[in-house]
Amino acid sequence: MQIIESPEIYDVIIVGSGAGGGMATKQLADAGFNVAVVEAGPYFDPADPKTMTQLKWPYESPRRGANTDRAFGEWDMSYGDWEVEGEPYTHVEGTEFKWWRSRMLGGRTNHWGRISLRFGPKDFKGKTRDGYGEDWPIGYEDVKPYYDKLDKLIGVFGTNEGLENDPDGFFLPPPKPRLHELFYINGAKKAGIPVIPSRMSMLTKRINKDRGVCFYCGQCSRSCSVYADFSSGSCLIFPAQKSGGKVKLYVNAMVREVTTNAEGKATGVSYVNKEDRKEYKLRAKVVVLAASACSSARILLNSKSGQHPNGLGNSSNLVGKYLHDSTGSSAAGFIPALMNRDISYNEDGVGGMHVYSPWWGDNTKLDFPRGYHIEVWGGIGQPNYGFGFNPNDFNKFFGLRVGGYGDSLREDVKKYYGCVIGFGGRGEGIARKENYCEIDPTTVDQYGIPVLKFNYKWSDLEKRQAKHMQDTFEEIIHNMGGHYLGEKPGKEKNYGLNAPGEIIHEVGTTRMGNDPKTSVTNKFQQLHDVDNVFIVDAGPFVSQADKNCTWTILALSMRASDYIIQQLKQQSI
Amino acid sequence: MDRRKSIQTIILGAGASALAFHGCQTDVNKSGAAAVQPDPNYFGRTPKELERIEELHAKQLFNAHEMETIAVLSTVILPPNEPHGGPIEAQVPEFIEFMGKDIPELETTLLGGLMWLDHKSNTEFGVAFKSASLEQQKEICDQICWHDPEIPLDKQPLEIQFFALMRNLTVSGYYTSKVGIADLGYKGNMPNIWDGVPEEVLKQHGVAYDPEWIAKCVDQSKRHIVAQWDDDGNLLT
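In order, the protein sequence lines correspond to chains P and B. Taking full-length UniProt numbering, the leading residue of the first sequence gets 1, the next gets one more, and so forth. Taking full-length UniProt numbering, the leading residue of the second sequence gets 1, the next gets one more, and so forth.
Treat the hints loosely; a few may be bogus.
[What the hints assert, rightly or not] In silico DSBU-like pairs for lysine-lysine, Cα to Cα no more than 35 Å straight-line: (1) B:Lys59 / P:Lys50; (2) B:Lys155 / P:Lys457; (3) P:Lys415 / B:Lys48; (4) P:Lys265 / B:Lys187; (5) P:Lys365 / P:Lys467; (6) B:Lys216 / P:Lys209; (7) B:Lys187 / P:Lys209; (8) P:Lys152 / B:Lys216; (9) B:Lys216 / P:Lys125; (10) P:Lys365 / B:Lys216; (11) P:Lys281 / B:Lys48; (12) P:Lys189 / B:Lys187; (13) B:Lys48 / P:Lys246; (14) P:Lys414 / B:Lys178; (15) P:Lys149 / B:Lys216; (16) P:Lys491 / B:Lys178; (17) B:Lys48 / P:Lys274; (18) B:Lys203 / P:Lys415.
[To be verified] Pairwise CB distance ranges (calculated): (19) B:Pro149 / P:Glu164: 44 to 50 Å; (20) P:Gly192 / B:Thr237: 35 to 41 Å; (21) B:Glu200 / P:Glu487: 48 to 54 Å; (22) B:Ala208 / P:Glu83: 43 to 49 Å; (23) B:Asp219 / P:Pro49: 31 to 37 Å; (24) B:Ala182 / P:Glu487: 50 to 56 Å.
Keep in mind that the hints were calculated from the coordinates and are not lab data. Each residue gets a CB set at the ideal place from its N, CA and C atoms; glycine is no exception.
So that you can see chain B by itself, here it is in the shape it has in the complex (with noise of 0.2 Å):
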């Protein structure tokens, strides 16, 4: 795996959400954001910040065999799907990678359980986990995959913290990725006016805005006007 290329490619992203920051609409020249480029290099690290990310980088925490076993693994626990990719278009192996080294205390556990499962699927199977079928790889997620949820993790077996550890990451790599949240459907993250919950948002829930409450708020349309006061302090525009 190349480490140079997998910044190489968040970097890109960077970049292409800038695009579509420019590519959006409304109020933002007035409010003055479009003004703002970000810079895709940075991602608004100081220098030590960024220096320690690239001694992370520079370290391997796994070796090739372990990186497709975490690839394998990842994918049979969210299966890719049409049009939003799976963890292999969110780079949730180099994440996971990334965060074994960021967080020591994962390093562990993530290195563990990858021998673990191995040797469950060799003494299954007479196979590497990666390489074995999909139904003998599930046949093994079956057993560790499901945990009582009043046992607090760390009092289970290792191949359950795992499991489920596995299961944190490669669910919060994914849906921290461009194709996950794209999947998730998250609007926000962009200059907007917010106007409060839509109609048929409200009644879905059973909720309604109270009129008094609502007289209150900001009227959208006045908002470059500058604010003026009497004395005492009602909003004159």
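Extracted from the complex, chain P is given alone in its bound form (with noise of 0.2 Å):
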């Protein structure tokens, strides 16, 4: 079948409608380029009520949400997750990695949590303060002014604190603890372990005439449908139209390579068109990847010719290679104070979490070089499938037996709501040339497009952080008067530590750096191979902090943008 060329040559293509793509998409249109975006889901608004799923309750669905047909419940605004029907991929034998995809307008950022953290100053100097990794030929000094307007453009609520590493900002006001957050603060005080107001982006205050303000249903995971949280098309993608920028939307449109000329430029990318199994070329006169860090680094990798054969911007044979995402472990504690709760009241909140502890420590009297940020999960949430089950398993830590049935069962479901607190710690693992993806040449997807092989293990140092946050969780319950439910995993589980890829913050397949043979793409994310290709995901970090990475995505995005404009204005790729 004859490949379809259209005769359009837009001045930018973006491959990907996520944080990166979106952002590049609304500073690009608002610059008056004609920009064409191409997504490999369906398009997708969050006021759509015939997508919506905010606001249902679990008797609307047959499964009462239930997790069978989207990993964290049916209401989760992700169509797609670790798994994808039709698009594979595979492993080197002895290692994980599991990879989540979102195929929608707008991609993850329909059902991130919102936590948007800056990186500090440290975070981008690994190498020179513990020798481990490699620093970023940028400072947070580069990035601050973007981080700036970011705040204000999106929103983002939080307190300045005057931390050292956990820079301030132009922050909208927080919401008031939970009741289980109040135990928290209190219970990590006691262990010396500082507690501050989350940094999310939900309006919590009024930013412009065109989004919402939250109103506290706690279900950010379901992208809001009045736009209050921060998803890439509500709030860069739609804007950026209404603005009357010039942006075509391709939707289930997987692209397949970037396409170059004789000289070796991108002229374009070719994509499959899901709808009708064709295949299609765009032609542009620059090529802006913000597919996620792993599938930037296949498409690269698929784009194979003459000048580039082994694939593109990989003379350094770096794409794809440095892969890594946060660490993470987790526990959960049964706080007997927190029992028989007045639920009076509607508790849900935003989504996630009211307080978090980003980093305390001091790495040089620990046995492992970064840290991590505590999240913190708990409270009177809207039950859905699950709720209820083992309804009296706490009888045990009063003596007494856990079962039965009758009457009883009604005051168990009572007596228990809400007195459980979680914990998630979310740490910095090391950057490795040994943690890569690369191309399984024996294996594509449904569209004919070669897939992804991971091959990716965590060292000691990563074990060893997981430790530290399994032994502060078990602290902090103590001093909550909890018991730490479960078996708390030693050596033998790696403390808890979870699979690569679970934390859904893998950055760094195409990091930057001023040398072109140990790194992919220059300060400006720019490949250094091709100068009419750019890159905006995560690809690009050399090095994930203890914070999450879709703030620094956005901020890294905005600064591209910014160069790939001034470029595009003196005419100089």
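Each of the two chains sits in its own frame; use the hints to bring them together as a complex.
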């Protein structure tokens, strides 16, 4: 079958519509450029009642919210999770990586936790600090102006605390803590662990006329129908269109490769239209990849040509290398002082935690080099499938029998509703060349595109960090007068360390640097090898921090977009 | 049991929640939430997901006798009360049937457990479980309803596993239903303005807000005033 070529030449093609792609779309369209956005999933608008899950009740579904179809439960707004039908990936034997993909306009920003943390000055200079990994070619001062603009453009609540490595910003005021969060604050402080208001991108206060203000349903993972939380479609792409930008959306369009000419410069992309299963070509002066760290690496590696026999931008052989996810280890505690709660009030709050603990430790005195922050969950949330399972398991803490039936079960459910507090440690692993994704020459997806094969192993550094998390959680639970639930994972279980990819913060596959031999892009996220190809997802990250990556993806995409605008205006690309 | 009817009931339930949504209060118009009307026929499924749900509805896991047995057993597990009903009003049997198909790992435990229940009842009382007297039913349940929480459930006899599963599905099915949520008293899942834990609840649990912390929190009376900052990041509005 012939490849169908479009005659139009766009200024910029942006592959992917998540955080990085959405920001590039907004910046470049606002600057007057003619932009095509190519998204592998369907169109999605959080306000569309057809697809909306916000404010649904469990009984509206026959499975009452169970996670059979969607890994995070059936109200979660991600089309696709660690598995996408017809789009497999493989592993080098004995290694593990789980790859989350959201196939929809806005990508993963439709369901993410909205935890919006700036990287701090130390986070850009890891090697200088402890000898591990590599320094970024840029520092906090390079990114700060963009974080500042970002805070005002998108909106993030939090507080200025004057912390060295958790920089202040332009915050909206945070919501008050919930009951269990007050217990956490007390328990953590007793252990010498600081707790501050969360920093998350929901609008607790109006920032413009176009977006609504949070109405506290606690369901940001369902994507907000009044656009009170940050999703890339509702907060970047739609506004870019609304303000008259030239934005052409190609949805259900799975990019196969970046096309190049005889000089090796990019000419556009080819993609498979998932609806008619035909291959198409789009042309542009500049190609911006924002397909996610691993997807962009895959596209580059699949873009082989005479000039780029190794894949595009891969003269260093580093595309796909240095893949790293945040570390994670979790625990939960039963807190007797939270029993028999008065639940005559609505405590849903914003989606996720109102308080958290930024990293407090001094790694020079610890047996692992990088930190982690603590996320907290609990409270009296909406019952869904699984609510009321083992309704009186906690009887065992009082020497009472577990099980039974009858009216007493109603009392058990109410007695124990909201008396569990959970913790997630989310930390920094070390970027290693040995952890990578590459093309699996033996496997294609249903569109005939070669898939990724992963090779990833944690080292002892990450395991020791997870042990520290577990010991910390145990201490905090103890300080709250609680009981650690389940068996505390020991060495044989890597201290509960999540499999790589499970925290869904994968970065590093096309890292930036000044030396083309040891990096894939320059400090403006431009391929060293091809000057009209940029990467604005988390691929160019040199290292993950003990922060979530989205706010930095956004800031860096804004920065790279400024550079592209400048270069296009100067006609130097 | 008419499957179509149970789908209809679910749809009706959804419509009712849309009504409740519109009936509610305060700040909603300003934040724009009321402008959005949930589609009661769709509950946010993709076409493919809906198709799968339809396929599951079309399949039959339990025969009429087994469905009646589930109805009887779930009612023994969680007897109805006033005014919030019980498993029948919460459509627990339909829910259990759906989950047995949706999560195939549950199927054998459920089917095998139901057979065990009748075998036991027939052996001891000469009558199927659903037709036994409440005392007889309880006598059987009493033998399988307790378990040692230190031993993983999958290492315990089938009938113990079966009862624990039925109890989980009954309690979860009830408390995720409209009547069950009313019985629980859950007040969320609707637009509101969060302004902290009520004072009496703080007192009940012996905690208090730190005034310094609260001073930094959102002043809800100003939530619709557009945010402005000075150059140092201090909020001015």
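Hints and how they fare:
1. With a C-alpha separation of about 26 Å, the suggested pair Lys59 (chain B) and Lys50 (chain P) falls inside the 35 Å cut-off, and the hint holds.
2. Restraint check for Lys155 (chain B) and Lys457 (chain P): the C-alpha separation of about 32 Å stays at or below 35 Å, so the hint holds.
3. Between the alpha carbons of Lys415 (chain P) and Lys48 (chain B) the distance comes to roughly 40 Å, so the proposed pair goes past 35 Å and is violated.
4. For a cut-off of 35 Å, the pair hint linking Lys265 (chain P) to Lys187 (chain B) is broken: about 59 Å separates their Cα positions.
5. For the hint linking Lys365 (chain P) to Lys467 (chain P), the alpha-carbon distance of about 15 Å falls within 35 Å, and the restraint holds.
6. Using a Cα cut-off of 35 Å, the hinted pair Lys216 (chain B) and Lys209 (chain P) holds, with the two alpha carbons roughly 24 Å apart.
7. At roughly 30 Å between alpha-carbon atoms, Lys187 (chain B) and Lys209 (chain P) fall within 35 Å of each other, so this suggested pair holds.
8. With a C-alpha separation of about 18 Å, the suggested pair Lys152 (chain P) and Lys216 (chain B) falls inside the 35 Å cut-off, and the hint holds.
9. Note on Lys216 (chain B) and Lys125 (chain P): the hinted pairing holds, with a Cα-Cα distance of about 32 Å set against a maximum of 35 Å.
10. Under the criterion of a C-alpha separation no larger than 35 Å, the hint pairing Lys365 (chain P) with Lys216 (chain B) is consistent with the structure, at around 33 Å.
11. Between Lys281 (chain P) and Lys48 (chain B) the alpha-carbon distance is near 28 Å, which keeps this suggested pair within the 35 Å criterion.
12. With a C-alpha separation of about 31 Å, the suggested pair Lys189 (chain P) and Lys187 (chain B) falls inside the 35 Å cut-off, and the hint holds.
13. Of the pairs offered as hints, the one joining Lys48 (chain B) and Lys246 (chain P) holds, with about 32 Å between alpha carbons and a cut-off of 35 Å not exceeded.
14. Of the pairs offered as hints, the one joining Lys414 (chain P) and Lys178 (chain B) holds, with about 16 Å between alpha carbons and a cut-off of 35 Å not exceeded.
15. Distance check on the hinted pair: Lys149 (chain P) and Lys216 (chain B) sit about 22 Å apart at the alpha-carbon level, within 35 Å; holds.
16. For a cut-off of 35 Å, the pair hint linking Lys491 (chain P) to Lys178 (chain B) is broken: about 45 Å separates their Cα positions.
17. Our distance criterion of 35 Å between C-alpha atoms is met by Lys48 (chain B) and Lys274 (chain P), whose separation comes to about 14 Å.
18. The hinted pair formed by Lys203 (chain B) and Lys415 (chain P) meets the criterion: a straight-line CA distance of about 18 Å does not exceed 35 Å.
19. Checking the proposed 44 to 50 Å range against Pro149 (chain B) and Glu164 (chain P) shows it holds: the Cβ atoms sit about 46 Å from each other.
20. Distance hint check: the CB atoms of Gly192 (chain P) and Thr237 (chain B) are about 36 Å apart, consistent with the given range 35 to 41 Å.
21. For the pair Glu200 (chain B) and Glu487 (chain P), the beta carbons lie near 37 Å from each other, so the given range of 48 to 54 Å is not met.
22. Taken as a hint, the range 43 to 49 Å holds for the pair Ala208 (chain B) and Glu83 (chain P), whose Cβ atoms sit roughly 46 Å apart.
23. At roughly 32 Å, the beta carbons of Asp219 (chain B) and Pro49 (chain P) sit within the given window of 31 to 37 Å.
24. Distance hint check: the CB atoms of Ala182 (chain B) and Glu487 (chain P) are about 37 Å apart, inconsistent with the given range 50 to 56 Å.
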